[in-house]
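Hey, can you work out the whole structure from these sequences and the hints?
This is what each chain is made of:
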Amino acid sequence: EPEVTQTPSHQVTQMGQEVILRCVPISNHLYFYWYRQILGQKVEFLVSFYNNEISEKSEIFDDQFSVERPDGSNFTLKIRSTKLEDSAMYFCASSDHRAGGGELFFGEGSRLTVL
Amino acid sequence: GDSVTQMEGPVTLSEEAFLTINCTYTATGYPSLFWYVQYPGEGLQLLLKATKADDKGSNKGFEATYRKETTSFHLEKGSVQVSDSAVYFCALRANTGNQFYFGTGTSLTVIP
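Protein chains in written order, with the numbering used here: chain A, 81 to 195; chain B, 196 to 307.
These aren't lab readings, by the way, just hints derived from the structure by calculation. Here a beta-carbon is modelled for each residue, glycine too, at the ideal position from N, C-alpha and C. Any given hint could be a false lead.
[What the hints assert, rightly or not] Simulated restraints, written as ranges between beta carbons of each label pair:
hint	chain 1	residue 1	chain 2	residue 2	range
1	A	Ile100	B	Ser209	39 to 49 Å
2	A	Pro150	B	Gly236	27 to 37 Å
3	B	Phe213	A	Asn132	41 to 51 Å
4	A	Gly96	B	Ser274	47 to 57 Å
5	B	Thr200	A	Gln94	33 to 43 Å
6	A	Gln97	B	Phe213	47 to 57 Å
7	A	Gln121	B	Ser209	19 to 29 Å
8	B	Ser274	A	Gln97	46 to 56 Å
9	A	Glu81	B	Gly256	32 to 42 Å
[As the list claims (entries may be wrong)] Residues from chain A that keep clear of chain B, each with C-beta distances beyond 10 Å, as calculated:
hint	residue
10	Pro88
11	Gln91
12	Val99
13	Asn108
Here it is in structure tokens:
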């Protein structure tokens, strides 16, 4: 069964460092997302991506964050100058529908710990 | 804007008890509705979905009916098991745009 894969599963970094989280969405999907979940809190939307550009982003997704699809398979989230409050589980997701009944398929998540 | 309001947790039930987790939504038009489940240490998995009013989604003994008149999509299970212990998220996807909106999640613990 096709699945979304994420790497790394866990990354520890020092405050101020840059982090890149990687995702391989399901191959025939066209819509890609990043969500994050701070420990014990709700799942928060960060950004959606379609046709090689950002389609929607939340207020969380400020200039510290960027996304890229560098090739035909990977979808990356870059966090510049990490802060303690960036510590969270980051989930990548993909979907094959623009709207309507298409569901999100999530990866297992990348846990980011900022020290 | 679109949003989902979900019953606060945590919920603790004995095995074989009846489960209801309430979910109501606010949206323009006719969104699709979903329940996702997150088992300890894992990502979110789709549990069930409904794409139009009066549809019933069902999976693994769980059910939820899309009620447009009450803007609700409550999750139910007649007899929970210890293995159902997880966090359950209600979500909607608008029929325009491609963002999903999640509720805050309800933690369920089932004790033997």
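Each hint, compared with the structure:
1. Take A:Ile100 and B:Ser209: their Cβ atoms lie about 46 Å apart, and the range 39 to 49 Å holds.
2. Evaluation of the 27 to 37 Å hint for A:Pro150 and B:Gly236 yields a pass: the beta carbon distance comes to about 29 Å.
3. Distance hint check for B:Phe213 and A:Asn132: the Cβ-Cβ separation is about 48 Å, which falls inside the suggested range of 41 to 51 Å.
4. Checked against the given bound of 47 to 57 Å, the beta carbons of A:Gly96 and B:Ser274, roughly 52 Å apart, stay inside it.
5. For the hinted restraint 33 to 43 Å between B:Thr200 and A:Gln94, the CB-CB distance of approximately 38 Å keeps it satisfied.
6. Checking the proposed 47 to 57 Å range against A:Gln97 and B:Phe213 shows it holds: the Cβ atoms sit about 49 Å from each other.
7. Judged by the Cβ atoms, the range 19 to 29 Å given for A:Gln121 and B:Ser209 holds: they are separated by roughly 28 Å.
8. Look at B:Ser274 against A:Gln97: about 49 Å separates their beta carbons, and that is inside 46 to 56 Å.
9. The beta-carbon spacing between A:Glu81 and B:Gly256, approximately 21 Å, falls outside the hinted interval of 32 to 42 Å.
10. The claim that A:Pro88 lies off the interface holds: its Cβ sits roughly 14 Å from the closest Cβ of chain B, which is beyond the 10 Å cut-off.
11. A:Gln91, annotated as away from the interface, keeps every beta carbon of chain B farther than 10 Å; the closest lies near 16 Å.
12. At roughly 19 Å from the closest C-beta of chain B, the C-beta of A:Val99 stays outside 10 Å, upholding its exclusion from the interface.
13. The claim that A:Asn108 is not at the interface with chain B holds, since no C-beta of that chain comes within 10 Å of its own (minimum 16 Å).
Checked against the numbered hints listed earlier, the structure breaks hint 9 alone; every other hint is satisfied.
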